[in-house]
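**Q** Chain by chain, the residues run as shown.
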Amino acid sequence: MSASTLEKPSAPAPARQKVMLVEGNEAAALGVALARPDMVAVYPITPQSSLVEHVAKLIADGKMDADIVDAEGEHSVLSVLQGGALAGARTYTATCGPGLAFMFEPYFRTSGMRLPIVMSIVTRDGITPQSVWGGHQDAMTVREVGWVQVYCETVQEVLDTTIMAFKIAEHHDVMLPVNVCLDGNYLSYGTSRVELPNQKDVDAFMGAKDVNWHVALDPLRPMAVDPLTGGSGGKGPSTFVRYRKGQCKGMQNSLRVIEEIHEEWAQRFGRRFAPLVEEYRLDGADYAIMTLGSMTGAAKDAIDEARDAGRKVGLIKIKTFSPFPVEALLKSLNKIQALGVVDRSVGFRWNCGPMYQETMGVLYRLGRHIPSMSFIGGLAGADITVGHFHRVIEATEKLLSNPAPIEPVWLNEKD
Amino acid sequence: MGMFGGAYNTIAFDANKCDGCGDCMTACATAKTGTVDQSRSRIQIVGSADEGFELALCRQCADPKCVTVCPAAALTKNYASGVIDWNADKCVDCLLCTVGCAYAGIALDAGTGHVAKCDTCDGAPACVPACPHDALTYVTTSRIYNEVGDWEDLFAPGLAGCQGCNTELLMRHTLRRVGPDTVLATPPGCVPGMGSVGFNGTTGTKIPVFHPLLTNTAAMLAGVKRQYKRVGRDVTALAIAGDGGASDVGFQSLSGAAERNEQILFMVVDNEGYMNTGMQRSSCTPYGAWTSTTPIGKGPGNIPSQGKTQDAKNLPLIMVNHRCEYVATASTAYMDDLYDKLDKAIQASKRGFAYLHVYSPCTTGWRFPTDQNMEVARKAVETNFVMLWEYNPTDGLHFTRPVDDPLPVTEYLKAMGRFRHLSPDQVSHIQSKVVENLAFVKQMAHREAI
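Chains as they are written, first to last, in numbering that gives the first Met the number 0: chain S, 0 to 414; chain A, 0 to 449.
These aren't lab readings, by the way, just hints derived from the structure by calculation.
Don't take each hint at face value.
[To be verified] DEER-style ranges, computed between Cβ atoms:
{"no.": "1", "chain 1": "S", "residue 1": "E258", "chain 2": "A", "residue 2": "S291", "range": "51 to 59 Å"}
{"no.": "2", "chain 1": "A", "residue 1": "K228", "chain 2": "S", "residue 2": "R241", "range": "33 to 41 Å"}
{"no.": "3", "chain 1": "A", "residue 1": "D149", "chain 2": "S", "residue 2": "E143", "range": "17 to 25 Å"}
{"no.": "4", "chain 1": "A", "residue 1": "D342", "chain 2": "S", "residue 2": "M19", "range": "51 to 59 Å"}
{"no.": "5", "chain 1": "A", "residue 1": "N77", "chain 2": "S", "residue 2": "S231", "range": "34 to 42 Å"}
{"no.": "6", "chain 1": "A", "residue 1": "G298", "chain 2": "S", "residue 2": "S231", "range": "50 to 58 Å"}
{"no.": "7", "chain 1": "A", "residue 1": "R322", "chain 2": "S", "residue 2": "E258", "range": "34 to 42 Å"}
Yeah, the Cβ is synthetic: ideal placement off N, Cα and C, and Gly gets one too.
So that you can see chain S by itself, here it is in the shape it has in the complex (with noise of 0.2 Å):
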């Protein structure tokens, strides 16, 4: 897993960063405090369980100055957050799997309330089969709720981003909830070099503080807070698709604050993360692989033996899902004449990876036919290796002479 450091910062060099040793869980954690929440609201559950474990042990030992709710479910963890959040509060949780599950009635609401809650997703694989182990299926399932969803590739991006991620959600344009995305198993407990931002650079970087400036719970602006609407008469069904409608733009703002946001850390902190597509090694090659999260790691290093033994192939990595890259998506794909996009959970009406799945869309705009297809790997906690990704690129090789199939390839099957 290599950082990906595309450039130098063009700012001057920030304060001196302290360099640690931990897993994703405790990168995550170590982002939290540094944003500086009002609240956070904690259920237990694998393997998201050390990050808030992580984070209790910070407000107990002083390092944090938060509200912790030790609540007794998820559901209850998020409706404590909107109450803080209605309340001015600066929020933050993590789950997983059957807690997000759980979660999803206030969950649905968090967007709807344009409420700028920030959740780590350490993603976990949905059951049944009965499974605690890492997969994107939990977070795929709910991408359509309009949270924006980011997916890190490396514990010094899960810490980073897991900072951004409060800015991002409070961008007067967006206000919107955050998932930070981190693969279970593979950043939830993978150990690494990372460094620590400076407290007093992550406050210059994060602002003030403004999170219910829109909507709130106080007695000093008395409001009804998301009264009805609605109905077949009167300005019901108007106010309710202005609503919808302001959602689905604040969506779209999204990427161009990600953008920003992603470009002032570049400046401020010296290390540059692709905001929404990143491209690796595309210029020259004649088709790509795709990836989500961790797995990109394993699959630059297939690219660079493929690359050295002559093959024309490129990376193509998602960093935001939600809402899909479409146009920097498009850009990347015009370079080139045959696609396979690798998932971590499927899509069951379809039959193929969930990103796939929205990468079909993407494909449809581009205005030419390139044949791609569907690989899932990596379910339960399945590792994706160099020699898996070497399997997708010379299936990808193929479509560039060969029909593509319309059958998914299932990574892990047969390991």
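Based on the hints, put chain A in the right spot on chain S.
**A** Chain A only, in chain S's frame:
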């Protein structure tokens, strides 16, 4: 301060405790005439038709007939003290006042030749401590009228409740008492259905109000309250929720918030079902009741469907077992009792979780005439179908309006249509459950008091 001034004090009489000893009359005569002549006492205890005793004493009426009939303006209502003052200089001894009063509260004092009446001894009535049986008490009356009338009504006029519903009354009184520094949660149900949160850009509430989900009222309020506590602002977090959301699908968040002792005042308006959505059964629906999901019919296999087949969940007792700062049951038929509990609940919510369970008859869903709401609420208490009690961890549980001689439960059941199909067996089941529940709460009161 309204036109009738502050709360008034008066002397209350409990006929059940009086044995007619006359000590009160002696004390009054001594204080007012310097004699022990009971006939000159301003308080008179007289035998009643049913062998007990009745009280003849000035009630210090708010709308006093004695004042109206006096041709000399010798009697006036003192709006500061509440007492009806008699002015000897103006009195012409016509005795019209003694005819005007329905309570025999003003009468001729043969020792002076003038009328005489109780003046409450300037706030320290001699009769009250003289009673050896505590049949007389000096109490504050008209408190609700006098105090609450001056507090701001925090709901807009014209909330859209069903005709005869008592919940609008409950909401207006509760909000007046709690005041504007409050965030109000009204989860889906009758309370927001009346327009408290509002429709399409209008709202019926003058303070911050919101729809939580049916499931997460206590959790959302906890978040609101904690943030204000964090920033040092005194904001009351109040829920007015239905029984369905609280006892069924929202029970987890309620229980969790109570266990964490969140500083919330959680009021459940128990109309024993999902009345706003069309009168479906909840876990608080009593045994035998018709609801739209426990309808009456011939039933499968010749076993008739006769309403709900399970007894109601007793949510307030469950909350006692969370050892909340305060738990109480209340009824809109007993507003003084309700207000007393509301005061305690507000104070308790500054320390931790306070839970108030208000029994709230539903004219529409229980099927009784719209003018019978208070009567149905009263009958529920008088039959011990519901019990009014309160609990706090220090003093334990005790009854606030014990009913020592309850009416048979049929007096309650027959007041409404939802029970009209009951078989004799079902009625006796309900009656036996009333006895059992009373015994259980009594045991709890005893145990908690230890």
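**Q** Hint by hint, note whether the structure agrees.
**A** Right, here's what the structure says about each hint:
| no. | hint | verdict |
| --- | --- | --- |
| 1 | S:E258 <-> A:S291: 51 to 59 Å | 54 Å, holds |
| 2 | A:K228 <-> S:R241: 33 to 41 Å | 35 Å, holds |
| 3 | A:D149 <-> S:E143: 17 to 25 Å | 53 Å, violated |
| 4 | A:D342 <-> S:M19: 51 to 59 Å | 54 Å, holds |
| 5 | A:N77 <-> S:S231: 34 to 42 Å | 60 Å, violated |
| 6 | A:G298 <-> S:S231: 50 to 58 Å | 39 Å, violated |
| 7 | A:R322 <-> S:E258: 34 to 42 Å | 53 Å, violated |
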